[in-house]
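From first to last, the protein sequence lines are chains A and B.
Residues in the first sequence are numbered consecutively from 1, following the working numbering.
Residues in the second sequence are numbered consecutively from 287, following the working numbering.
The hints are simulated quantities; they were obtained by calculation from the structure and are not laboratory data.
Note that the Cβ used here is the ideal one computed from N, Cα and C, for glycine as well.
Any given hint could be a false lead.
Covered stretches of chain A (in silico footprint by chain B; criterion: 3 or more residues with CB under 8 Å from a CB of chain B, positions within the stretch not fixed) [as the list claims (entries may be wrong)]:
#1 98 to 105
#2 110 to 123
Restricting the straight-line Cα-Cα distance to at most 30 Å, the calculated cross-link-like pairs of lysine-lysine (DSS-like) are [what the hints assert, rightly or not]:
#3 A/K47 / A/K31
#4 A/K75 / B/K317
#5 B/K417 / B/K361
#6 A/K131 / B/K417
#7 A/K31 / B/K361
#8 B/K296 / B/K361
#9 B/K333 / B/K296
#10 A/K47 / A/K10
#11 B/K296 / B/K417
#12 B/K333 / B/K317
#13 B/K417 / B/K333
#14 A/K75 / B/K361
There are 2 protein chains.
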Amino acid sequence: METFFSFLEKRVDDCSSLLCVGLDPHIPDLKEPTAASALEFCLRLVKAAAPYAAAFKPNAAFFEVFGAEGWTVLKQVILAIRAESERLGSHIPVILDAKRGDIASTAEAYANSAFGYLGADCITLNPYLGKDSIEPFIQDQEKGVFLLCKTSNPGSSDLQDLIVEKKDNGKTNTAPSPFLFLYEYIAGLAQGWNTRNNIGLVVGATYPETLARVRAAAPDLWFLSPGVGIQGGDLGSALKAGLRRDGKGMLINVSRLIARVDDPRRAAAELRDSILEIQGSLTGKR
Amino acid sequence: METFFSFLEKRVDDCSSLLCVGLDPHIPDLKEPTAASALEFCLRLVKAAAPYAAAFKPNAAFFEVFGAEGWTVLKQVILAIRAESERLGSHIPVILDAKRGDIASTAEAYANSAFGYLGADCITLNPYLGKDSIEPFIQDQEKGVFLLCKTSNPGSSDLQDLIVEKKDNGKTNTAPSPFLFLYEYIAGLAQGWNTRNNIGLVVGATYPETLARVRAAAPDLWFLSPGVGIQGGDLGSALKAGLRRDGKGMLINVSRLIARVDDPRRAAAELRDSILEIQGSLTGKR
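One chain only, chain A, in its complex shape (with noise of 0.2 Å):
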């Protein structure tokens, strides 16, 4: 049976990749502070980086500071995705990076408008309203879910690294270390939600020991880590914390390393090529 992950799994065997390309139409890096632009930009990377893209994710923010405008253009780019999906002869996934969380009856409507009027194929979300709040969006088993696990913004430690223990519950304790943080909590309830084989993690890249519990407590999980370059994250030593014993399991995100450079394809072929190396020397196929 078809599964959102079934599909990815599928796209990286026949792209060899592991990389997610951020689609992040930010204002000062558009020629014009316009929704034209914004288009623009996305679909120079769309047609450059799909050969080498296991998934396009773009962020909904940067659409929705364009307004109505920016919904259509939103639209439209995920439409070019699936074009190049065609002319390639393979499903490109679209993850809408939108982080939303509401309770059950507005949660539906925005799992409406993420699948049903843009078209994408996942989307992320906040797990902080719990599981009812995700239910909306993973009754299609086709469609998937990241959930915020541990972010890459310096300011994720307020929460995300508290630690945890639940009420009425006796033991504290149920992670291989002697105590448990509110990140990897989540990992473990999301590992155990995933029963349809539909729900992933958002681990920042940053830091790979945190990659690494969050790993050691979703064993099965497909993460989506940013954070490599810009943000400081070393590539190999996220691979290496991160990738579950398949040598598959995450996905790379990038936006500013290939949507600044001259070269968009070439950037995101060497980026490709880099993660296959990295990827081959810890699983021992190469």
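With chain A's structure known, arrange chain B on it following the hints.
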């Protein structure tokens, strides 16, 4: 110096009301599943409830589901609230219920979308990414945020009710009780972060005991409290547990109780009066 909450308190005084009117154009409540019907639905409520509304709270999800058209309608609804404010000679704040939360550079784009493009006064945010994800929204003290603290849905217990401690801290407990819930910890953080008088908390009205714990952790903050009525929260218990010592500090959010009746103006007036009566009896003003 004017701040978001000084504007809100002015409005609360002008209309003697703690009522926040939620604008949630759920498709099943509309004549037709179209953006035009969503607009009609909202304008009816805005016109009817404006004299009794301390604030209006449109939920972004129910507009996003209509894509670009929905965003146009959301902007029109906010403009209609501005027009009612003009007519009444009293500024009615607009709280965009969007529950956003992203790293700082992205959060900036969301802030520009909510406050710039849409012209809202305030936004609900998910605090899971920490202080730096909130900063872009609170730079301008005339704009405000309500951080999710304890939500009204059943799944809220999955994470929000975890017991937390801080690593490297020695003492686990800064609350008056023998343990500290995650939602209480967030309340304490928000109380400390509120240096510009523009941070409040979302605390469901469904659990009075919870409201009391949050009030103890954040004695000065405004709460936005959904959950009275359809979701089962009792108005009297909620106000008793959540009001500040000055008899303010709480917006009671109501959507369906007003939207689904034949005479929404009367429903809003009656709710305003019920709140006022309870508020009076609690603070001894009446």
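Now the hints, each set against the structure:
Residues of the region 98 to 105 of chain A with a Cβ under 8 Å from some Cβ of chain B number 7, which satisfies the need for three, so the listed coverage holds. For a cut-off of 8 Å, the count of residues in the region 110 to 123 of chain A with a CB near a CB of chain B stands at 6, and the three-residue condition holds. In summary, the hint linking A/K47 to A/K31 is supported, as the alpha carbons are separated by about 18 Å, within the 30 Å threshold. Straight-line distance between C-alpha atoms of A/K75 and B/K317 comes to about 26 Å, which keeps the hinted pair within the 30 Å bound.
For the proposed pair B/K417 and B/K361, the alpha carbon gap of about 28 Å is at most 30 Å, so the pair holds. Taking the CA atoms of A/K131 and B/K417, the gap is near 24 Å; set against the 30 Å cutoff, the hint holds. A C-alpha spacing of about 26 Å is found between A/K31 and B/K361, which places the hinted pair at or below 30 Å, so the restraint holds. Between the alpha carbons of B/K296 and B/K361 the distance comes to roughly 24 Å, so the proposed pair stays at or under 30 Å and holds.
A hinted pair counts as satisfied when its Cα atoms are at most 30 Å apart, and B/K333 with B/K296 qualifies at roughly 20 Å. Note on A/K47 and A/K10: the hinted pairing holds, with a Cα-Cα distance of about 20 Å set against a maximum of 30 Å. With a CA separation close to 28 Å, the supplied pair B/K296 and B/K417 stays within the 30 Å bound. Annotation: proposed proximity of B/K333 to B/K317 holds, straight-line Cα distance about 18 Å (limit 30 Å).
A threshold of 30 Å between alpha carbons decides the hint, and for B/K417 with B/K333 the separation of about 37 Å lies outside it, so the pair is violated. With a C-alpha separation of about 20 Å, the suggested pairing of A/K75 with B/K361 holds against the 30 Å cut-off.
Against the hints set out earlier in the document, a violation occurs for number 13 only.
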